[in-house]
Each structure stands twice: as structure tokens, then as C-alpha cells.
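J.: This is what each chain is made of:
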Amino acid sequence: MISKMLSTINFSIKSGFICKLMIPAALLLLNACEEKEYAIPEAKTELQNDVLKRTTGPHVAGLDIEFAYAMALGVDKGRLVSATVEASVAGEEGTYMDPKSYYTDGSGEDIGVTVGEPSVTQGTRTSVRFVGDTSAATLRYYYKIPESAKGQNVSFNFSAEASTGEKVTYAMGPYKISRMDMKLDLAVKDSTACYISIADMAVYSPEEAAANPGKVDLVYLYRNIPNITFNHSLVAPSAPAEYLRGVQLPSGVNNSAKIRKVWGLRDQHLARMQFGVFVDDLDFEKLNLAAEPDYAINLRAESGTWVETADGKYRAYIFVNSVNNNGKSAVISIKRFAL
Amino acid sequence: MKKFTKYSTLILFLLALVSACKNDFPIDEDGLLITDRAECYVSNFELLGADFQTVRTKNPVIDTVAQTIEVEVFFGTDLKNLFPQFSLVTDAKLDPKIVGKVDFSDLSNPKVYTVVSGNRKVRKPYTVKVTVQQP
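Chains A and B, in that order, give the protein sequences.
Every letter in the first sequence is one number past the one before it in numbering that gives the first Met the number 0, and letter 66, counting from 1, is 65.
Every letter in the second sequence is one number past the one before it in numbering that gives the first Met the number 0, and letter 49, counting from 1, is 48.
Treat the hints with care, as some may be off.
If the Cβ cut is set under 7 Å, some of the chain A residues that face chain B in the computed set are [claimed, not checked]:
id, residue
1, R222
2, I224
3, I227
4, I296
Since the hints were derived computationally from the structure, they do not count as laboratory data.
Keep in mind the model is a prediction, meaning the values are calculated, not measured.
Positions of the beta carbon are idealized from the N, C-alpha and C atoms, including for glycine.
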């Protein structure tokens with residue numbers, strides 16, 4: 000009887016594909032219903048560390064790369080002795096580790112509590128010695144990007160030591176350092192400070208422009224002309240006279256340039272606004288301004304222009320921070336890339 | 000029984016395939032639906048500069064009888080690097096297609112774009128006449 004039943008079951012399993020699926024599915028269901036008792040996980044008490052990179056966007060020489068270095072060990076085990084960061088390329092003067100451990104208060108402010116002596120930087124190493132009985136801290140490390148690191152990769156090795164003799168390390172990077180240069184808040188004014196040199200990243204007066212005519216790439220001018228919208232403009236000296244109305248170019252100032260107007264590209268480095276937008280090396284490398292004109296008129300605050308110099312040596316992004324119609328002036332910031 | 004199941008499944012599958020390939024809706028060479036609509040006109044026109052901002056000083060004048068679009072642009076507009084945008088009647092399409100920047104600098108030879116109706120039987124060429132604002 001039993002053998003007959005088994006043979007019947009066997010037959011039905013063989014003949015039905017669905018049955019084959021049903022058995023594992025049923026097993027899975029049973030398994031899923033199994034109850035597991037929850038246990039609060041045990042906190043690790045040995046020395047441990049972690050690093051967070053707080054800086055976003057391209058790494059431009061002169062700016063900081065900021066890290067938050069956290070380290071801790073069990074309260075009853077011991078205390079922190081030191082924290083050290085070793086960079087693969089020595090940072091510029093101003094590289095330091097903040098000996099304060101920060102927490103955020105109810106209103107979102109970072110409040111620092113001093114936990115160590117001021118940091119000491121020797122060559123590529125920056126270190127802080129802890130004071131008092133500190134078993135957990137998050138220190139901020141600011142690496143001032145040196146000019147010498149342009150185009151290179153920089154890596155960081157974070158390490159912490161505890162009174163127990165334990166030592167932990169954490170490697171970060173490598174991070175590519177941008178080849179761009181940056182100049183912020185250059186004041187330009189119609190007729191007086193109106194000659195812009197991309198090569199020098201500077202603004203010249205007519206007298207200075209006459210002394211360095213080959214370096215002038217753009218002329219800033221403001222015109223309020225009836226029936227048309229001219230306003231604040233960046234024009235290459237080579238542009239047609241209708242775009243350089245009333246401008247007496249100093250002798251020898253005749254460079255050309257390719258200019259493309261841009262709207263809404265508020266680079267965070269240049270604009271210092273909340274938008275997480277950055278002009279990067281790659282943007283300059285891929286930029287093609289071959290078909291662009293040599294003038295850009297009617298520029299407004301928060302607009303910008305891509306520029307390529309006539310000699311093909313530089314590409315730049317000029318951001319207009321602010322304009323003043325009455326003063327016939329503007330404030331501009333430049334990111335430049337040498338080709 | 001097993002054979003029957005096999006064959007019936009195969010037949011059903013083939014039927015489904017045949018049904019899926021049936022061409023109910025005619026499409027043109029661009030893969031766009033050909034419909035019954037014979038209307039053929041431009042309803043709006045926009046011209047953007049290299050910064051993707053409008054370069055028009057005022058609304059364009061679209062004459063659907065003369066088949067012309069007259070648009071005035073700001074003084075200093077770089078006519079070599081403009082992005083035209085046509086709004087067309089439902090199901091219509093434009094020939095030639097706009098795939099990037101267009102050079103409008105030859106003002107004596109205005110650009111001509113042809114609107115093709117939804118049924119692809121009516122073609123109307125529109126001439127885009129650009130003038131530059133002067134002081």
C-alpha cells in the first residue's frame with residue numbers, strides 16, 4: 000500500500016514541473032518564518048579609526064583639502080596618545096590638523112573641544128599629541144595644496160596611537176591635483192581698470208596695458224546705448240569697432256580671443272555659492288571654441304564666459320560675481336588652464 | 000500527455016510571436032508614427048544663443064500663409080552659433096532636422112525649413128528671416 004502511494008507521489012512529481020517548484024518554495028516559506036532572537040551588538044573596544052574627506056570638487060593649488068579623522072578605543076582600555084597624517088607631497092604653509100574635536104549642537108553649529116596640543120608639521124608629516132584623558136576624537140586635517148603638486152596625485156596616510164601601544168592606520172587617496180590656476184575677485188572698471196590679461200590673470204590700466212600690449216586678451220567695457228542691450232561686456236581687442244565703442248586701445252593692443260557666453264555655470268570655487276558645480280580640468284580639455292566670436296556683450300551677474308587666448312596657450316572661465324551699472328564696473332573671478 | 004503539452008506550448012508561443020510582429024501602425028523612415036493628420040504649420044519659433052538663452056528681442060512673427068518666420072535678435076548676437084527651436088502642429092515633423100548649432104549669418108540667404116504633415120503627404124517650406132537689432 001505504502002509503496003503504491005510512494006510511486007503515485009513519485010509519478011506526480013516527475014510529471015509536474017510546478018510540483019518541483021512547490022517543494023523548495025514551501026521550504027523557503029517555512030524557513031522565512033523562523034524567529035531569531037535579537038541581541039544588542041557588542042561594541043568593539045580596541046583602537047579603531049575612520050576618515051571622511053569633506054572637500055568636494057577639483058583640487059586647485061592654494062585651496063585646502065579637508066579631512067575628518069576619527070579615532071577611538073574603549074574608555075576602560077586606555078586613552079589616545081597621538082594622531083598623525085603623512086602626505087605623499089608636503090603641503091604648503093598653512094597645512095595643519097585642528098586639535099579640536101567637534102560636535103554639532105542643536106542649532107547645527109559645529110562646537111570644538113580642545114583635546115590636543117597645536118599640530119606640528121614637519122615636511123610631509125603633521126601630528127597632534129593628545130592632552131587629557133581622551134578616548135575618542137575626530138580631528139580635522141587641512142592640507143593646503145602646493146603649486147608643486149599640480150598635475151600630480153597626492154595620497155594621505157592617517158595613523159593614531161593609543162596608550163595601550165595599539166596603532167591603527169587608514170590610507171586615503173590618491174587624489175589628482177588640478178592643473179588649473181585661480182584668481183578671485185578682480186575688480187574691473189570701464190576706461191580705468193579694463194584690460195584683462197589671461198596669461199597674468201590680472202587687470203591692467205591703460206598705462207599698464209600700453210607697457211604690456213601682448214598680454215592683453217580682453218577689454219572690459221560698459222555702455223548704455225539706446226535701443227540695444229550692450230551693458231557689461233568682455234571684448235577682444237581684435238573685435239569689430241562696433242563692439243569697442245568709445246575705446247581707445249593703447250598702441251600694440253590687438254590680440255584676438257575666442258569667447259563663448261555661458262549662463263548658469265556658477266562654479267563653487269569662483270561664485271562661492273551653494274551650488275555644487277565645478278569647472279574641472281576635463282572641461283577645459285574638451286572645450287572647443289574654434290567657431291566662437293571674439294566678443295561677449297550684455298553679461299549679467301552670475302553669468303560667465305569661456306575664453307581661449309589667441310596664442311592657444313590658455314583656456315579660461317571668467318565668472319561675473321557682480322555688476323554695478325552706475326559705477327560702470329564689475330567683479331570677476333577666473334579659472335585658467337594652461338594647454 | 001507530455002507530448003501534447005509540449006506541442007500546444009510551442010504553437011501558442013509561435014502564435015504570440017506572429018501576433019507581436021503584426022504591423023498595425025505605419026511608421027516613417029525616422030521611426031515616427033504616420034497618422035491621418037494633414038495639418039502642416041509652425042505654431043511657435045525660438046532662437047537660443049550659445050548660452051542657451053533666447054536672443055529674440057520680441058515674439059517672432061509667423062505667417063502661415065506666406066510661410067515665413069520673422070525674428071529680430073539682439074545687437075551683438077553671434078549668428079553663427081544659434082539653436083533654433085520649432086513648435087509644430089501635432090504629428091508634424093521638420094526637414095532638415097536640427098541636430099546642433101545652426102549658422103544664420105548669411106542674412107541675404109535665409110534658411111528654409113520644411114514642415115511635413117502627420118500623414119507625410121503635405122510639405123510646407125518656411126523661410127526664417129533674421130534681422131539684427133540696431134542702435
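J.: Are the hints correct? Go through all of them and say.
T.: Hint check results:
At about 10 Å, the closest approach between the beta carbon of R222 (chain A) and any beta carbon in chain B exceeds 7 Å, and the interface hint on this residue is violated. A distance limit of 7 Å between C-beta atoms decides the matter here; for I224 (chain A) the minimum to chain B is near 5 Å, and the interface restraint holds. Evaluation of the I227 (chain A) hint against chain B yields a held restraint, the C-beta minimum of about 4 Å falling below 7 Å. With a least beta-carbon distance of about 4 Å to chain B, the hint placing I296 (chain A) at the interface is held under the 7 Å criterion.
The structure shown violates just one earlier hint, number 1.
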